[in-house]
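A.B. asks: Guided by the hints, dock chain H onto chain C, whose structure is given.
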Amino acid sequence: MLPFLLILIFCTLGVLTGVITGLLPGLHVNNIALILLSLSGTIISSLSFLFDFGINIEFILILMCVYIISTAICHTFIGIIPSTFLGAPDEDKALSVLPAHSLLLEGKGYEAVSLSAVGSYGAILFCFALFYPLRFIIGDPLFFYDTLKEILLFVLLAVSILMIATEKSKINDFGRTGIIPSIMGILFAAIVFFISGFFGIIIFNVTVYSPIGLNSSILFPALAGLFGTPTLLMSLMTKPKIPDQIIDEPVLNKKAKISSFYSVATGSLSGIFVAIIPGITSSIGTILSLIARGESDKRQTIITLSAVNTACAFFVFIIMFIILKGRSGAALAVMDLVSVSVWKSLFLPESLVYFLIAILFSGFFSFFLTIRIGRLFARNFRRIPYFLLIKLTIFLICFLVFVFTGVVGLVVFFVGTLVGLLPILWGVRRSHCMGVLIVPIILYFI
Amino acid sequence: MKKMKLKHYLMIITIISIILLYFLSKLSQAPLINIYEIQNYNGKQVIVEGIVTDNKLTKYDNQIITIENNNTKISIFCQEKTEVDFGDKIQAKGEVQKYKGDWELFVDGPSNIKIIEKGKNISFPLWQIAQNPSKYINQNISVTGFVESISNSYFCIVDFEKKIFLPVIYDLGKNITIYPGQKVIIFGRFSFDEKNFRYKIEINKEGHYINPLEGE
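Going line by line, the protein sequences match chains C and H. The first sequence begins at 26 in the working numbering and counts up by one. The second sequence begins at 13 in the working numbering and counts up by one.
Only chain H is shown next, with the shape it has when bound in the complex:
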């Protein structure tokens, strides 16, 4: 009977302790800080928030994300690949540290990166697509690039450094005026061209478009 009482008491005490721990966890949570304050938190756990402006994978499948908020930027080093895209508004929790002279946030895993808002009407830069093309395959996407090599049925868009090329296959029926070097936003279907062994984007459906960026 004595043992029974002990185990009943234990159950109640455990549940109360967990509830108390829950409130303690709320108090001891990492603070949400502005990116420009980061140097004051060296070696501490913090949460930062911002819009993804760069997003790269290393050869070890670590992800380096750059976020921007109030015109300040910070790199986030995440040990694993995340679902974060260019233009997403994210919150990342990790340890502040210095890497090669620059401040960065070291994040343990994808669970510490929350996507607060998916980037809406975002046009991806070419490098973002090139990071993980299979993620966008057979989807309608919007991509930004510079026009190059125009022919009757297709042209190419390239990135600023002309390292990444993407053929744009377009319907001759569409009235499109473009010229080499022009910066454009293309909305079309991204797919893999098995015949030519390359990725392509097709402008062939209602709603697909090519928009020149004015003033660029």
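So here's chain C without its partners, still in its complex pose:
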């Protein structure tokens, strides 16, 4: 009984941390995972009193993983709130700003949050129903991942071309007639993609050190610069007028319910795809699912992309047991904490059972928390010291970048921020910045 109780306690702590990381754009769950990893020795010794109750070190490490997983899951739920009310998303939620923010401008910010929660929770249930059969497709005996690995170069090339070619923004700087604005939109999408790619090639040759000896990753300042700070800076620069919010539960008719189911299904499948393929993030998964879905309704778009994010966060922890690869910072941290072996038998590995409990519990808890906090924001968001919050967040990110990666990391972060501002100011999709990972991976395979 005690182990189960401890799982629930760490789940709850993880969810509460996920609320903080979700509400503070730029503070990513990967940062928390990294900090936790650095402090794992201290955490184990401070929890050593549990040894007297029959809890061993391995189980304490499982509890730390449960905490990280719950944070990651909750983060994907709560992230919609700053996206909607502050217009300040992190990278995963970047594409949700337009539909959610436009509902906010209609006084329906709460509806946007509720629909997102439905999409995310739908993805949890959808993925839970699929994870067992998918294990046999991705791994032994069908080995879909091995096949995919052989054609990964072409998959990445196809995704990159699709992402650039489907850019819908029009740039009028070089002519306003005919197809010129659309062509310029695609051209600038390609420019942002290649600038990010070149940035990626450079940073992988840069060595960073933490001034206090923490584990350093060059990706942290790069991604925080590309996706975290630019929207925060833009939020400081824009002051939209927002009407009073209507706080009514969204009512879906039969057609909307069926449509929502398809949105959850396509979003979840895209999220699973993202979790399998390296270098592809939720934003790209969202573009793929929106193309597959062919749905332009903003409510369905919110449901779809919330499903992509949550399904991806869910499945990276399953994928870990099938192909032994960590596809997110949180998954890598989990793999560092506990020994993960390939799931070969018909039965679930013991640690996966704990992780599934964490995912289901944190998903359920996060759903209600998102609705609650969304309602609270809708009622009181005029009273939130918005600019102070954003300035503090920018300061916090700079501080974390310095602590983890030193002065060189700060330089990478600054250049990343400049690159991340390009798509915002030129009005193209921010997901083109994922060239930072995709281009180096493509070059590696060539």
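Be a bit skeptical, because a hint or two may be false.
Quick list of in silico lysine-lysine cross-link-like pairs, BS3-like style, CA-CA up to 27 Å [unchecked claim]: (1) H:126 <-> C:174; (2) H:130 <-> H:217; (3) H:93 <-> C:195; (4) H:56 <-> H:126; (5) C:174 <-> H:93; (6) C:193 <-> H:56; (7) H:85 <-> H:56; (8) H:147 <-> C:350.
Read the hints as simulated data drawn from the structure, not as lab findings.
C.D. replies: Chain H only, in chain C's frame:
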């Protein structure tokens, strides 16, 4: 108009910043060091260079490569499988750390291991083939081993510890003189013998050979 100017300036500043970052990256790159200096770089990123003398896969598909340069050796722990072969000259970039009392280089992924020169005229030890036999299947390869169990149409070669056996099927027309325990280099076609469910190497084409190693 003001916004337009800002985005144009941003484009120029970004490109200049990336160029500056490129030069900074050249300055902050991990240094190329000699293997014997490794203990001076604990916890630091370095690049080491050497010839692959050992190459193993763990059960988690991590690769442990040993390289040698100037009579000093170091183990490289790579988190994923690489294309590195015995005899290749490689450069590896990673973090210096101590594992079970020995210095090793921890490498994030295959992208941090560059093959500078493929091993030419290298004869693989049997253990190298045994690590990943499918990689060499249906190819002409050169392999080194000790002769064992000679019969009319085939003999076996074994490794030093006699743990790995590989049948060598040879053409009776070839004038071959071998004796048990002799160390030989065999150049032939490596394939899978479906009938006997085992790998084999065949000496049946022009250019295939068995060379005794003199003085062994």
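A.B. asks: A separate judgement is required for each hint: does it hold in the structure or not?
C.D. replies: Here is what the structure says about each hint:
1. H:126 <-> C:174: Judged against 27 Å, a Cα distance of about 20 Å means the pair holds.
2. H:130 <-> H:217: 25 Å, holds
3. H:93 <-> C:195: 44 Å, violated
4. H:56 <-> H:126: 19 Å, holds
5. C:174 <-> H:93: Given pair residue 174 of chain C, residue 93 of chain H holds - Cα atoms ~13 Å apart, limit 27 Å.
6. C:193 <-> H:56: At roughly 46 Å apart (the allowed maximum being 27 Å), residue 56 of chain H and residue 193 of chain C break the hint.
7. H:85 <-> H:56: Between residue 85 of chain H and residue 56 of chain H the Cα gap is close to 18 Å, so the pair holds against 27 Å.
8. H:147 <-> C:350: 22 Å, holds
Of the numbered hints given earlier, the model fails hints 3, 6; all others are met.
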